[in-house]
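Trainee: Turn these sequences into a full structure, and let the hints guide you.
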Amino acid sequence: MRRLVTEIGEAGIMLGNVWRHIFAGHIDWGESVRLIDRFGISSIPIVGLSASFIGMAISVQIAREIVVRYGADNVVGGFIALTILRELAPVFVAIVIAGNVGAAITAELGTMQVTDQIDALRVFRINPVVYLVVPRIIATAISGPALTGIGAVLALVAGQLFTEALVHIPAEIFWDSVRYAATTRDVVNMLTKSLVFAIAIALLASYNGLATEGSSESVGINTTRTVVWCLLATFMLNYLLTSIFFQL
Amino acid sequence: MSETIQKSMPQPEAVPPSPKPVPMVMLRGIVLKYGNNTVLDGIDLTVNRNEIVAVVGPSGTGKSTLVKIIAGLLIPDAGEVELQSDRISLAFQNGALFSSMTVAENIALALERTTDLDDEEIQGRIDRYLSLVGLRDKMDQMPTDLSGGMQKRVGIARALAIQPDIMLYDEPSAGLDPILGQKLEESLRGINAELQMATIVVTHEMPTIENLADRVVMLYQGKFVYQGSKDDFMTTREPHAYQFRTRREAGPIDVQGGA
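These protein sequence lines are chains A and B, in that order.
Letter 36 of the first sequence, counting from 1, is numbered 166 in this note's numbering, and no numbers are missing.
Letter 59 of the second sequence, counting from 1, is numbered 65 in this note's numbering, and no numbers are missing.
None of these hints come from the bench; they were simulated from the model.
Ideal Cβ placement from N, Cα and C applies to all residues, glycine included.
Mixed in with the good hints there might be a few duds.
[Unchecked claim] Below, simulated SDA-like cross-link-like pairs (lysine to any residue); rule was C-alpha separation at most 20 Å, straight line:
#1 K236(B) x N56(B)
#2 K144(B) x A110(B)
#3 K39(B) x G344(A)
#4 K39(B) x D83(B)
#5 K39(B) x E343(A)
#6 K229(B) x V261(B)
[Stated by the list, open to error] If you want a taste of the chain B side facing chain A, the calculated C-beta under 7 Å gives, among others:
#7 A77
#8 L79
#9 L96
#10 F98
#11 A102
#12 F104
#13 A116
#14 R119
#15 T120
[Stated by the list, open to error] What follows is a list of derived Cβ distance ranges for each label pair:
#16 R119(B) x G344(A): 23 to 33 Å
#17 W149(A) x G257(B): 55 to 65 Å
#18 S65(B) x F183(A): 46 to 56 Å
#19 R255(A) x Q147(B): 24 to 34 Å
#20 S373(A) x D146(B): 50 to 60 Å
Mentor: Pasting the structure below:
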């Protein structure tokens with residue numbers, strides 16, 4: 131328990147350092163763009179695939195219930211859209227980012243730590259937080275909402291196609307229902323959630339990477355820990371943000 | 007007349023005044039503990055400009071820890087580190103090359119962050135110091151394409167390229183073949199004289215001590231158990247130094263458990 135409190139405190143201090151450097155303009159944009167390509171662009175296929183299956187699965191649930199039981203064809207699109215925008219898209223993209231990006235950040239920084247590369251940076255007066263952590267947080271913070279937007283659109287498209295095939299709801303009725311039910315606020319909330327999740331994931335992953343000590347075995351241990359911590363943090367923050375958004 | 011006599015008398019040779027030692031690194035009472043284990047226990051050491059001090063001792067005695075304290079990578083629990091320059095560099099035991107960069111980029115990054123050199127001057131330094139370690143033809147390769155020994159030599163080139171006032175080497179020739187190791191150490195000796203650096207070499211290799219050191223200090227169980235010139239170290243009967251030098255099992259050093 132004491133260790134957990136210490137680690138939360140250290141991660142908080144790192145977050146403070148990151149903000150300080152970001153606001154001071156200590157941002158390596160070249161490295162950040164390279165990492166957006168590496169973390170964001172490379173995650174599009176897995177996000178797209180996951181989004182399609184989630185869209186189809188939710189269609190099976192909602193379309194069958196609403197159309198078959200209640201005959202309410204004109205609200206199916208809205209139900210699916212609200213489910214995806216408010217909950218599924220930000221959470222499932224965060225899960226993908228935790229596994230795909232968070233694990234990669236910890237493994238990379240952890241390896242640099244155990245092979246003295248982080249110490250070498252310090253010897254050459256390079257602040258590891260500015261050089262390594264800030265670009266990773268910037269890249270993940272930009273990639274997260276972008277991937278969530280892409281995921282939400284693809285899940286909706288998959289949902290519409292599957293709904294049409296399964297319960298024969300015309301595309302026009304589906305999209306009219308989406309437009310009626312989903313508001314700009316839903317989209318803003320979705321993107322806000324994904325931004326917060328992305329920052330939390332990059333921060334926890336960077337912290338675990340730089341906190342790695344000893345051998346390559348500890349790199350594996352900390353990488354696993356990152357994925358677990360990121361999933362827990364995502365679910366906790368999701369509850370917190372949902373509570374805030376829907377009490378406003 | 008007196009002028010003639012004066013001219014005819016043998017003139018005393020002009021003896022340059024003995025250069026006064028300029029202390030660059032001063033350690034006073036350094037203590038470092040990991041939990042209940044005291045790794046360094048009251049270390050005092052002074053290293054002067056243009057001097058090479060070898061820190062020797064069996065594995066696990068805190069030699070690398072000591073150079074990390076001098077480099078500012080570890081904070082001692084007690085004691086004082088006084089450095090006369092912030093131009094300090096460290097060649098790590100395993101090279102510690104940045105794995106996402108080429109050999110040349112590794113050196114360039116260090117130079118960009120620690121000097122005001124322009125691109126042309128940086129390239130000049132890269133050429134020069136990679137040539138010094140015999141790896142100029144590898145400058146465009148990634149560290150993973152190099153052997154462990156090559157990575158270590160690139161790490162030395164990167165550390166030297168910033169032309170520090172205080173240079174720290176952690177086992178510079180461990181793992182290198184003897185001929186290459188000797189050649190490298192001769193080059194390092196030459197560059198030390200040229201740059202007038204205060205240098206600390208952590209090693210447990212006798213050839214490195216012979217080729218590089220001016221002075222030797224021996225670390226065992228967190229304390230310096232021997233200090234002396236290299237010549238004295240090579241002949242001393244001090245039990246720790248004698249056992250280390252002659253590689254005998256019998257003696258005060260616990261060869262089974264180390265320190």
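Trainee: Confirm or reject each hint.
Mentor: Hints versus structure:
1. K236(B) x N56(B): At roughly 15 Å apart (the allowed maximum being 20 Å), N56(B) and K236(B) satisfy the hint.
2. K144(B) x A110(B): Cα-Cα ~8 Å, so holds.
3. K39(B) x G344(A): The hint holds at about 17 Å.
4. K39(B) x D83(B): holds (7 Å)
5. K39(B) x E343(A): holds (16 Å)
6. K229(B) x V261(B): holds (17 Å)
7. A77: holds (6 Å)
8. L79: holds (5 Å)
9. L96: At about 5 Å, which falls below the 7 Å cut-off, the nearest Cβ of chain A leaves the hint on L96(B) intact, so it holds.
10. F98: It holds, given that the least Cβ distance between F98(B) and chain A is near 5 Å, below 7 Å.
11. A102: holds (4 Å)
12. F104: At about 6 Å, which falls below the 7 Å cut-off, the nearest Cβ of chain A leaves the hint on F104(B) intact, so it holds.
13. A116: At about 4 Å, which falls below the 7 Å cut-off, the nearest Cβ of chain A leaves the hint on A116(B) intact, so it holds.
14. R119: holds (5 Å)
15. T120: holds (6 Å)
16. R119(B) x G344(A): 23 to 33 Å: For G344(A) against R119(B), whose Cβ atoms are near 28 Å apart, the range 23 to 33 Å holds.
17. W149(A) x G257(B): 55 to 65 Å: About 57 Å separates the Cβ atoms of W149(A) and G257(B), which means 55 to 65 Å holds.
18. S65(B) x F183(A): 46 to 56 Å: holds (54 Å)
19. R255(A) x Q147(B): 24 to 34 Å: With Cβ atoms ~26 Å apart, the hint holds.
20. S373(A) x D146(B): 50 to 60 Å: holds (55 Å)
Violated hints: none; the structure is consistent with every hint.
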